[in-house]
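Each chain, letter by letter, is given below.
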Amino acid sequence: MDNIRIEATERTPEVDFAFDDNNYSFRGESYPEDINIFFGPLVEQLEDYFKNLEGTDVTFNFELIYFNSSTAKVLMMLFELLDTVAEQGNQVTVNWIYETSDDNMQELGEEYGEDLEYASFKLVAQDV
Amino acid sequence: MKAEKMLRLRDDLQEDGILICYSGYMTESVLSSLGKTIKDKLTIEKTDKFVIRGVFSIFVEQMQNVIRYSDEMEVKVSDDSVLELRYGVLTVGRKVVDGKEDVFFVAIGNMIKQHDVERLNNSLTHIQQLDAKSLKALHKEILKGKTPEGSKGAGVGFIDIARISKNGFDFDFIPVNNDQSFFTLTAYA
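So the sequences go chain by chain: L and B. The first sequence begins at 226 in this note's numbering and counts up by one. The second sequence begins at 2 in this note's numbering and counts up by one.
If you are wondering where the hints come from, they were derived from the structure by calculation, not from laboratory data. A virtual CB, placed ideally from N, CA and C, is assigned to each residue, including glycine. Just to be clear, a hint being listed does not mean it is correct.
No farther apart than 30 Å at their CA atoms in a straight line, the calculated lysine-lysine pairs in the DSBU-like style are these [as the list claims (entries may be wrong)]:
1) 96/B x 147/B
2) 276/L x 347/L
3) 50/B x 3/B
4) 137/B x 77/B
5) 37/B x 50/B
6) 137/B x 37/B
7) 42/B x 96/B
8) 347/L x 145/B
9) 96/B x 145/B
10) 37/B x 101/B
11) 276/L x 147/B
12) 145/B x 3/B
13) 147/B x 40/B
14) 141/B x 40/B
15) 3/B x 101/B
16) 3/B x 347/L
17) 137/B x 114/B
18) 145/B x 276/L
19) 347/L x 137/B
20) 42/B x 101/B
21) 347/L x 167/B
22) 96/B x 77/B
23) 50/B x 6/B
24) 276/L x 134/B
25) 347/L x 141/B
26) 134/B x 50/B
27) 50/B x 347/L
28) 101/B x 134/B
29) 47/B x 167/B
30) 347/L x 147/B
Just so you have them, the derived chain L footprint on chain B, three or more residues with Cβ under 8 Å [to be verified]:
31) 45 to 57
32) 127 to 141
Covered by chain B, per the in silico footprint, the following chain L stretches (three or more residues, Cβ under 8 Å) [claimed, not checked]:
33) 292 to 299
34) 325 to 332
Use the sequences and the hints to build the structure in full.
Right under this line is the structure:
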């Protein structure tokens, strides 16, 4: 699988999927004009790649400043996917990186993270 | 006369604390431009950045509701594209809420189908009564479940608005004709 790197735009986050060392990240703001056009292909490639993955260390970083409710749905799906990847025998670490004192992002991170059963979850407060 | 009329409109809006008013067809590009303008205006005023994000989040959810659901709409279907425009009214401003000065609000108004009034009214009344913990639980339940029937997004836009609106929200309906009512929702950041 070729690595994916997409620069951030005003309405979409930077995407960095390094399949070769299993390090993935979203960084920035997310309220795409069309949620499916932006996230559809990305989620599909992750699903494809993760399907037969075993015994691997996977790190996924969510470093989002703002996202809309349509993106929230995609994030929920990704968290479920990552938990499945961990369940099938991979060491999955999910980092939720937010700005220190951004209570809203912290709460959202807790909301997503609390349901992970197999993947390990870290809330990372970052000074900006 | 023309100038007098426009000046009166401007003065009326400003007296109500309105910083931005848009009445017309709402599209994703209108959302982008107005969104940037709101951020710029609040940044110039040195508004706390988390308050700016709150106002902006409410604005996005409110705008996308009109873009997706306003019942006042025009469509042109051709072989390779569908042009769709939906009409709504938006105001962004600030006012005194429960003795607190300078509370920012985002208000939206648009036509909805008469038969959607009851469902929307029930749903918003329910959300309005929930505390933070219950809002979070409902938010998650809907995100994890199937997207509600008729929804073109995640189906959690109103819950998001309720969560972000630190000073609450209110809403109202008025029948316009046999088939439609006008719906308005004001959320206080």
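Here is what the structure says about each hint:
no.	hint	in the structure
1	96/B x 147/B	violated, 38 Å
2	276/L x 347/L	holds, 24 Å
3	50/B x 3/B	violated, 39 Å
4	137/B x 77/B	violated, 39 Å
5	37/B x 50/B	holds, 14 Å
6	137/B x 37/B	holds, 28 Å
7	42/B x 96/B	holds, 16 Å
8	347/L x 145/B	holds, 21 Å
9	96/B x 145/B	violated, 37 Å
10	37/B x 101/B	holds, 26 Å
11	276/L x 147/B	holds, 23 Å
12	145/B x 3/B	violated, 54 Å
13	147/B x 40/B	violated, 33 Å
14	141/B x 40/B	holds, 28 Å
15	3/B x 101/B	violated, 37 Å
16	3/B x 347/L	violated, 61 Å
17	137/B x 114/B	holds, 29 Å
18	145/B x 276/L	holds, 21 Å
19	347/L x 137/B	holds, 20 Å
20	42/B x 101/B	holds, 20 Å
21	347/L x 167/B	holds, 27 Å
22	96/B x 77/B	violated, 40 Å
23	50/B x 6/B	violated, 36 Å
24	276/L x 134/B	violated, 35 Å
25	347/L x 141/B	holds, 19 Å
26	134/B x 50/B	holds, 24 Å
27	50/B x 347/L	holds, 25 Å
28	101/B x 134/B	holds, 24 Å
29	47/B x 167/B	holds, 19 Å
30	347/L x 147/B	holds, 27 Å
31	45 to 57	holds (count 4)
32	127 to 141	holds (count 3)
33	292 to 299	holds (count 5)
34	325 to 332	holds (count 5)
Of the numbered hints stated above, those contradicted by the structure are hints 1, 3, 4, 9, 12, 13, 15, 16, 22, 23 and 24, listed in ascending order.
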